[in-house]
Structure formats: structure tokens, C-alpha cells
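Chemist: Input sequences plus hints: build the corresponding full structure.
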Amino acid sequence: MNEPILTSNNVSMTFGGVKAVQNVSLSIERDSITSIIGPNGAGKTTFFNVISGVYKPTGGNVEFDGTDITNLRQHVISHLGMARTFQNIRLFAQLDNVRNVQSALDARADYNIFQAVLGLPKKHRVDKANYVIAMECLDLVGLKDFANDRPSSLPYGMQRKLELARALAADPKLLLLDEPAAGLNPKEVEEFIELIRRIKDIKRLTILLIEHRIKVVTTLSSKVYVLNFGQLLAQGTSEEVQSNPAVIEAYMGEDEEEETVCSK
Amino acid sequence: MTYNETVILNVMINMVAVISMFTLMGLTGIFSMGQASFMCIGAYVAGLLATKTDVPFLFTLIFAVIGGMLFAFVVGIPIMRLRRDYVALITLAFGEAIVAVLNTFSNVTGGAMGINRIPRNINLWIGAGILAIVIYIILNFKDSKFGRQCIAVKNDEISAASMGINVTRIKMTAFILAGGLTALSGAMLAYTTSYIDPNSFGAARSIDWIGIVFIGGINSMSGSIVITLIFSVLSETLRTTSALRTLIQSLIILLIINFVPNGLFGEHEFKDIPKAFRKRMSRLSANARKREKK
Amino acid sequence: MMYYIQLLINGIALGSVYSIIALGFTLIFSILKFSNFSHGGVMVVSAYFGFIIARQFNLGFIPMVLVTMAFGGILSCVAQFIGFERLRKIKGSTMLFFVSSSNLGVLLQNIIVITFASTYYSYPSFFSRAFFQLTPDLTIGVTDVIMLALSSIGIIILMLVLYKTRLGISIRALSMDSEAAKLMGVNVSMVTALTFFISGVLAAVAGVLCGMKYLLYPQLKDLVMKGMTASILGGLGNISGALYGGILLGILEIFMTNFVGSSLQPAFTFLFAIIFLIVRPQGISGKFSKEKV
Numbered sequence: 001m002n003e004p005i006l007t008s009n010n011v012s013m014t015f016g017g018v019k020a021v022q023n024v025s026l027s028i029e030r031d032s033i034t035s036i037i038g039p040n041g042a043g044k045t046t047f048f049n050v051i052s053g054v055y056k057p058t059g060g061n062v063e064f065d066g067t068d069i070t071n072l073r074q075h076v077i078s079h080l081g082m083a084r085t086f087q088n089i090r091l092f093a094q095l096d097n098v099r100n101v102q103s104a105l106d107a108r109a110d111y112n113i114f115q116a117v118l119g120l121p122k123k124h125r126v127d128k129a130n131y132v133i134a135m136e137c138l139d140l141v142g143l144k145d146f147a148n149d150r151p152s153s154l155p156y157g158m159q160r161k162l163e164l165a166r167a168l169a170a171d172p173k174l175l176l177l178d179e180p181a182a183g184l185n186p187k188e189v190e191e192f193i194e195l196i197r198r199i200k201d202i203k204r205l206t207i208l209l210i211e212h213r214i215k216v217v218t219t220l221s222s223k224v225y226v227l228n229f230g231q232l233l234a235q236g237t238s239e240e241v242q243s244n245p246a247v248i249e250a251y252m253g254e255d256e257e258e259e260t261v262c263s264k
Numbered sequence: 001m002t003y004n005e006t007v008i009l010n011v012m013i014n015m016v017a018v019i020s021m022f023t024l025m026g027l028t029g030i031f032s033m034g035q036a037s038f039m040c041i042g043a044y045v046a047g048l049l050a051t052k053t054d055v056p057f058l059f060t061l062i063f064a065v066i067g068g069m070l071f072a073f074v075v076g077i078p079i080m081r082l083r084r085d086y087v088a089l090i091t092l093a094f095g096e097a098i099v100a101v102l103n104t105f106s107n108v109t110g111g112a113m114g115i116n117r118i119p120r121n122i123n124l125w126i127g128a129g130i131l132a133i134v135i136y137i138i139l140n141f142k143d144s145k146f147g148r149q150c151i152a153v154k155n156d157e158i159s160a161a162s163m164g165i166n167v168t169r170i171k172m173t174a175f176i177l178a179g180g181l182t183a184l185s186g187a188m189l190a191y192t193t194s195y196i197d198p199n200s201f202g203a204a205r206s207i208d209w210i211g212i213v214f215i216g217g218i219n220s221m222s223g224s225i226v227i228t229l230i231f232s233v234l235s236e237t238l239r240t241t242s243a244l245r246t247l248i249q250s251l252i253i254l255l256i257i258n259f260v261p262n263g264l265f266g267e268h269e270f271k272d273i274p275k276a277f278r279k280r281m282s283r284l285s286a287n288a289r290k291r292e293k294k
Numbered sequence: 001m002m003y004y005i006q007l008l009i010n011g012i013a014l015g016s017v018y019s020i021i022a023l024g025f026t027l028i029f030s031i032l033k034f035s036n037f038s039h040g041g042v043m044v045v046s047a048y049f050g051f052i053i054a055r056q057f058n059l060g061f062i063p064m065v066l067v068t069m070a071f072g073g074i075l076s077c078v079a080q081f082i083g084f085e086r087l088r089k090i091k092g093s094t095m096l097f098f099v100s101s102s103n104l105g106v107l108l109q110n111i112i113v114i115t116f117a118s119t120y121y122s123y124p125s126f127f128s129r130a131f132f133q134l135t136p137d138l139t140i141g142v143t144d145v146i147m148l149a150l151s152s153i154g155i156i157i158l159m160l161v162l163y164k165t166r167l168g169i170s171i172r173a174l175s176m177d178s179e180a181a182k183l184m185g186v187n188v189s190m191v192t193a194l195t196f197f198i199s200g201v202l203a204a205v206a207g208v209l210c211g212m213k214y215l216l217y218p219q220l221k222d223l224v225m226k227g228m229t230a231s232i233l234g235g236l237g238n239i240s241g242a243l244y245g246g247i248l249l250g251i252l253e254i255f256m257t258n259f260v261g262s263s264l265q266p267a268f269t270f271l272f273a274i275i276f277l278i279v280r281p282q283g284i285s286g287k288f289s290k291e292k293v
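Residue numbers (the working numbering), protein chains in the order written: chain Z, 1 to 264; chain Y, 1 to 294; chain F, 1 to 293.
If you are wondering where the hints come from, they were derived from the structure by calculation, not from laboratory data.
Every residue gets a Cβ at the ideal spot worked out from N, C-alpha and C, and that includes glycine.
Among the hints, a few may not be true.
[What the hints assert, rightly or not] Calculated cross-link-like contacts (lysine-lysine; reagent style BS3-like; alpha-carbon spacing at most 30 angstroms):
id : chain 1 : residue 1 : chain 2 : residue 2
1  : Z       : K144      : Y       : K290
2  : Z       : K144      : Z       : K56
3  : F       : K33       : F       : K182
4  : Y       : K52       : Z       : K144
[Said to hold, decoys possible] Pairwise CB distance ranges (calculated):
id : chain 1 : residue 1 : chain 2 : residue 2 : range
5  : F       : F272      : Y       : L244      : 37 to 43 angstroms
6  : Z       : V132      : Y       : R283      : 24 to 30 angstroms
7  : Z       : A93       : Y       : T53       : 45 to 51 angstroms
8  : F       : K91       : Y       : R283      : 27 to 33 angstroms
9  : Y       : F57       : Z       : A129      : 39 to 45 angstroms
10 : Y       : R283      : Z       : A93       : 21 to 27 angstroms
11 : Z       : V132      : Y       : E292      : 49 to 55 angstroms
12 : Z       : G119      : Y       : I248      : 35 to 41 angstroms
Modeler: Here it is as C-alpha cells:
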């Protein structure tokens with residue numbers, strides 16, 4: 001069972017004249033935590049979007065757990081076992097927090113429309129069970145007390161946790177996290193790293209994350225891929241990648257504050 | 001049927017129609033400017049069956065609903081993947097197309113003269129019964145995986161899809177359900193007024209319903225019901241011309257949009273009252289306890 | 001053969017009506033990203049306004065149109081303020097804009113209905129002839145020619161303004177990112193108002209010409225739907241698409257009427273529009289813009 005859970009083969013994504021992603025090939029090992037890093041605009045989120053089915057790639061293919069998912073729609077890919085969070089936090093504003101988390105379970109709930117509109121016992125049973133699972137996911141990220149509030153009432157850091165809980169509720173095999181630590185202060189980043197560790201202990205899954213913060217990358221991930229201008233620049237362990245001259249040069253253009261790779 | 005009975009029945013009919021509009025707009029965010037054409041279809045199915053065949057009353061209602069759902073299915077397939085502005089327009093064009101077809105095939109449908117002498121098989125109890133069933137169905141729908149997925153899709157389609165929600169299928173489900181219910185309201189109308197013609201089911205009626213859902217609060221079914229009631233009562237008592245009434249209604253909507261965009265009821269439903277009351281009580285007692293400790 | 005060419009001419013003539021409506025509509029859509037259903041309301045009110053001042057002050061065609069254009073522009077700005085200003089500030093959803101604009105349109109229409117009751121008026125005839133005789137067999141209406149000319153001129157002027165003037169740059173910046181535009185010093189409220197002013201001017205022209213071509217009646221407001229269809233067929237968000245879409249729609253309707261009769265025409269036009277949108281959702285010349293995820 002040592003095949004990679006996800007492979008991309010020469011994936012390219014072109015929008016009009018813009019080559020957002022070019023010939024990116026990578027493979028993610030099962031049960032690993034892998035990071036994709038790169039300067040802003042390197043195509044990382046676009047790559048995520050291709051993998052998760054938001055975009056159909058203009059070239060190449062993607063294989064997930066033995067299935068070719070290149071042309072599959074988002075929800076199908078989700079049911080195959082992939083879940084994700086978003087860079088700009090896309091929670092459902094008009095659903096309570098617990099219902100946000102429950103949304104993945106609702107998408108898989110096993111009753112039909114007749115049972116729903118007639119209020120039959122099966123619907124109540126399934127909904128109740130899913131509600132309990134959703135609450136457990138909330139508890140896992142520490143948000144159980146906010147179950148009946150709305151996402152907009154939560155501070156930024158908690159909204160990120162909520163998105164994480166929501167993704168976990170789908171019981172995914174592969175979890176894609178798009179800049180999950182963005183906007184968090186150093187204490188929150190520590191908590192987040194702890195949370196990921198705890199989740200990894202409890203659940204069996206693979207994590208692929210896009211990150212800027214070197215601390216998160218080095219502490220958590222076993223393998224790192226570097227993207228720049230849509231192309232794969234380097235790959236390896238975090239030490240290898242940090243000392244790679246091409247990578248250092250790519251980051252040299254970055255903001256002083258973001259001295260992510262050059263300093264620690 | 002007395003005059004008062006007709007008035008009350010009309011209120012109930014409007015409520016059924018507005019509730020189905022709520023399911024589309026409020027829950028799923030679909031703007032169907034041609035929704036009145038489903039009312040037309042339901043009215044014609046029931047009217048034709050009642051005047052030209054011996055199909056029993058209850059079955060004509062069922063066939064009306066099925067007719068509405070079938071049409072919703074056919075129209076829905078191509079449009080559910082289109083963006084929101086398009087959907088509004090296409091449903092409007094669909095409405096016009098239906099009216100055109102009904103006007104043309106006059107030997108079957110009576111053309112522009114419509115159908116008349118439909119037997120008055122409906123009464124207040126039946127009307128109330130239908131309304132109660134519809135409310136029950138939609139309340140359950142809202143509080144089920146379907147309703148929640150609809151809201152998720154309304155809020156953020158891409159995010160919803162990433163959670164495994166089949167966006168197209170959910171939109172279609174809501175559209176078909178709404179189509180069936182609006183058609184049911186049309187059947188009720190046919191039996192109430194005993195006369196129907198294609199030209200009274202235009203965009204104006206749909207926009208009217210959209211306005212009512214809006215004033216009540218897009219996310220509140222109770223709001224839709226209450227506002228329907230208030231507007232119907234006002235229409236009857238004030239006896240203004242329909243143009244003036246429409247004008248006042250548009251003004252109210254514009255005021256609401258500017259100052260209370262969530263509608264008068266916001267997101268509250270009647271059944272939430274006990275829960276809210278308990279929450280308020282527990283918060284008051286918690287505050288009281290805090291003050292005692294100090 | 002001549003018969004079909006006349007049909008084509010009629011189609012183009014009808015299309016010119018739709019184009020000029022679509023032009024004002026598409027302007028608001030490209031800039032502010034919503035469908036402005038109140039456009040029809042501005043059209044019909046301007047149409048009646050033009051009629052009144054022409055009758056009252058015995059104005060000729062050009063002065064009447066110019067004054068009505070100014071009126072339409074101002075009315076459109078007022079409408080924008082009532083219907084959309086607050087929504088813009090709270091960044092309301094497209095739904096809110098939709099409801100607001102359609103109700104604004106209904107409001108304007110009903111003002112006309114109440115003021116003028118159900119009498120149909122007609123414009124005084126400004127021109128000595130109603131048709132141009134192109135050849136012994138082909139004719140085209142004078143108002144149609146004017147509309148075609150104005151649509152084309154309108155597009156050219158609009159393009160010049162958008163791409164060669166400072167105002168145009170501000171408008172385009174606004175359409176791409178209103179926050180960034182504000183930070184760059186663009187006065188968003190002013191530019192929005194000006195955009196609506198231009199759209200109102202176009203609506204006024206459309207209204208007056210439609211009033212002249214048809215009768216003057218409140219349902220002129222519903223022509224905005226044709227304008228919207230034309231915009232969609234031409235490619236929403238694309239200014240020149242208004243012209244192509246309008247002409248296409250006009251030709252389509254005329255030919256459909258010829259083949260299936262006027263009562264079934266809406267059904268077939270609808271069918272065509274759906275098929276067209278499925279095959280080519282971006283319209284004739286529109287571009288597909290992917291939402292940023």
C-alpha cells in the first residue's frame with residue numbers, strides 16, 4: 001500500500017494568455033504531511049483548484065487513490081475522499097457553525113426527499129447522528145461552545161478552525177489546506193500546529209498544505225515542493241529546499257517581513 | 001361560494017405560491033421571473049381535466065402538481081448551470097413561451113379566451129388543508145439536508161461543491177419542488193375563480209411574489225406568509241387601483257432594501273420563538289448571577 | 001428572394017431597437033456587474049417626457065431629443081441613488097440589486113400608468129416621410145434608420161469615452177476593482193453617477209425612438225427584457241455585443257414570426273435562445289471570466 005495517494009502528471013492550467021501552472025508533476029505519499037510553498041502568484045492555489053476539480057486542467061492529468069480525477073466535478077472528487085479549505089475562507093454565512101460543519105455530512109446523508117418532506121423517522125435518525133458527528137468535529141478544533149453562532153461572529157482565527165472542522169467532517173483521505181495559518185499570530189500558529197498534530201494522531205489521513213510560514217512548513221511537513229511562476233522549482237525535505245540556491249533566489253524578491261526561507 | 005370565501009381562498013392560494021417562491025429564492029437563491037407560468041400550467045391542467053374529463057378532483061390536483069414538476073424538470077435541465085441573471089431572464093422567456101403556446105392552440109386550450117365554467121370543487125377546508133400540507137412540507141424541507149444544502153449553495157456554490165454537494169442536482173430539486181407547488185396554487189386558483197386565461201400569469205405576478213418574499217425576509221418562510229396576509233388584506237380593504245397598489249408595494253420594497261435589507265422578519269421563523277425566549281431567559285439569569293457575585 | 005431580403009431588413013430594423021436598449025443596459029452590467037432592470041422604467045418615463053415637451057413647447061425632433069436625453073440622464077442618477085447607492089455601500093448581494101432594480105422599474109412604470117391612465121398617446125410626426133424607399137421592393141422605416149445610426153454612433157462614442165478619456169479609465173478601473181480604484185483616487189460615487197447618467201441618456205434615446213416607432217404606452221418598459229436578451233446573446237459585459245446581439249435578436253424574431261406565426265414566435269425564440277446559451281454561454285463576443293477562487 002505504498003503507492004502515492006495523489007499524483008499529478010504534467011498538470012498545466014492556462015487562462016487566456018496566462019500560464020498559471022506549467023507541467024507540474026508531483027506525488028504525495030499516503031499519511032504524509034506535504035507542503036507546497038512558493039512566492040505569491042506562483043500558482044499554488046490554482047494548482048489546488050485543479051486537483052480539487054474547480055478547474056479542468058488544460059494539460060496533464062491527476063490521479064487520486066487509483067482513480068483518474070482530471071475531468072471529474074468537484075462534488076464527485078469530494079465523495080472520493082478529498083476535502084479542502086480555502087485561502088479566503090469560504091464558509092456558509094447563513095448557516096449556523098455546526099450546520100456549516102454538518103454540510104459535508106448532509107451531502108452524504110442517506111435519506112431521500114420523500115422521507116425528508118414527510119418528516120419520517122429515518123430522516124430524524126440520520127440528521128441526529130450527523131449532528132452529533134458535526135459537534136464532535138467542532139469539539140476537536142475547540143469550537144463546541146460556538147455551535148449555534150454564525151461564522152461572521154467568529155474572529156478570523158476561529159473561522160479558520162471552523163473551516164478545518166468542516167473539511168474534517170467529510171472524513172477525507174486527503175486534506176488540502178490552503179494557507180491555513182495565514183493571518184494568525186504566533187501563538188495561534190503554535191496552536192494550529194498542535195491541532196494538526198492531534199488530528200493526525202486521531203485520524204488516518206494525508207495532508208497537503210500550501211503555506212508561507214516556514215515554521216509551519218518545517219515543523220510539520222516531511223516533504224516540500226516549491227513552485228515559482230507556475231513551475232516546479234525544487235522538491236525535497238525542508239532542509240534541502242531551504243538551502244537550495246534557486247529557491248533562495250526566488251524568495252529574495254519577497255517582502256522583508258516575510259523572510260520565510262532565509263531566516264528562521 | 002360566498003365572496004368572503006373567495007377572498008380567503010385567494011389569500012391561501014397566494015400563500016402557497018409565495019411559499020414556493022421562498023423555496024426557490026430564499027433557500028436556493030434562484031430568481032425565477034417566470035414562476036407565474038407554473039401557476040398557469042397547474043391551472044390549465046386542472047381546468048382542462050375538470051371541464052373535459054371525469055377525473056376526480058383530488059387526482060386533478062395531483063396531475064397539476066406532476067405537470068408543474070415535469071415542466072420544471074424540462075426547463076431546469078439547461079438552465080441550472082447558467083448564472084443567476086440568465087436564469088431570471090430565461091424563466092421569464094419560458095413564461096412568455098408558455099403563454100404563447102396556450103394562446104395559439106385554441107381548440108384544445110380555448111386560446112386567449114381561456115377556460116371557463118370550471119366547477120367550484122374547492123372550499124375553505126380543502127384550501128386550508130392544502131396550505132397546511134404545503135407549510136409542513138416546506139418546513140421539513142428547510143430543516144433537512146435538502147434545505148441546508150440549498151442554503152449552502154445559495155451562499156457559496158464552489159465551497160458547497162467542495163463539500164460534496166451536487167450543486168446542479170440541489171438546484172433542480174428546489175426548482176422542481178417549487179414548480180410543483182406553484183402549479184398546485186394554480187389548480188386551486190382554477191377551481192376558485194372558475195375561469196382562467198393565459199394572459200393573467202405574466203411577469204408582473206412573479207415580480208409581485210418576489211417582492212413579498214423580500215419584504216418578509218428572504219430567509220423567513222413565516223415572513224413570507226405574514227406579508228402575504230397583510231398585503232392581501234390591504235388590497236381588499238383599501239380598494240385602490242392595482243397600479244397604485246403596485247406602486248406602493250414597490251416603494252415599500254425600495255424602503256426595505258435601503259434600510260432593512262434582510263427583510264422585516266430577517267431570518268426568524270415562528271417556531272423559533274420558544275427557543276429564543278428560553279435563550280433570552282437564560283442570558284438574563286446568567287447576567288443576574290454575575291451581578292450577585294460582584 | 002426580395003421578400004427574404006425585406007425580412008432581413010425588417011429584422012435589422014427591429015434589431016436596431018433592441019441594440020439601443022441593450023447598449024445602456026450592457027454599460028451598467030459591464031461596469032457595475034448587475035442587471036439593471038430599471039432601465040426600462042427610465043426609458044418609458046423619458047418617452048412620455050419627450051412627448052409632453054414636444055407637444056407643450058412645439059419642439060422639433062432634435063431639441064426634443066436633446067432635452068429628453070438630459071432628463072433621462074438625471075432621472076437615471078436619481079434612480080441610482082434611490083435604488084442602489086446604499087446597496088453598494090453595504091456590498092449587497094446580486095439578489096438585492098436584482099430586486100431593487102426590478103421594483104424601481106415597476107415603480108417608474110406605475111407612475112406613468114397612474115399619471116396618464118390608460119390612454120395611448122402617439123408622438124407627433126417629425127418627419128415628412130415614414131419610410132425610405134431603398135428599391136422598388138424594399139423599404140425601411142425612418143425611425144429604424146435613425147436608431148441603427150444612433151446605436152452605431154453610440155457604441156463608437158462610448159468606446160472612445162471608455163478608452164480615450166480619463167473618465168473612461170476611471171470607469172473601467174471601477175469595473176475591475178472598486179476598492180482599488182477608490183484607493184487610486186477615483187471618486188467612486190461620482191464615477192458611478194456619471195455611468196448611470198450615460199446609461200440614462202441612452203435609455204432616453206431608446207425610449208423616445210420606441211415611442212415614435214410604436215405607440216406611447218407604459219408597457220414600453222418591458223422592452224428592457226429584449227434589451228437584456230440582446231445583451232446576453234451578444235455577450236454580457238461586452239459593449240459591442242449589444243449591437244450584434246440586438247441585430248441577431250431582431251432578425252431571429254422576424255424570421256420566426258414569418259415561419260411559425262406571431263403567436264408561437266415567443267416559444268421558438270425562447271427555444272433558440274436556450275440552445276444558443278447552452279452551446280455558447282459567453283454570447284457572440286463575450287469573454288468567459290473565471291471567478292477567482
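Chemist: When the structure is checked against the list of hints, which entries are broken? Sort them ascending.
Modeler: Per hint list: 2, 4 and 11 violated.
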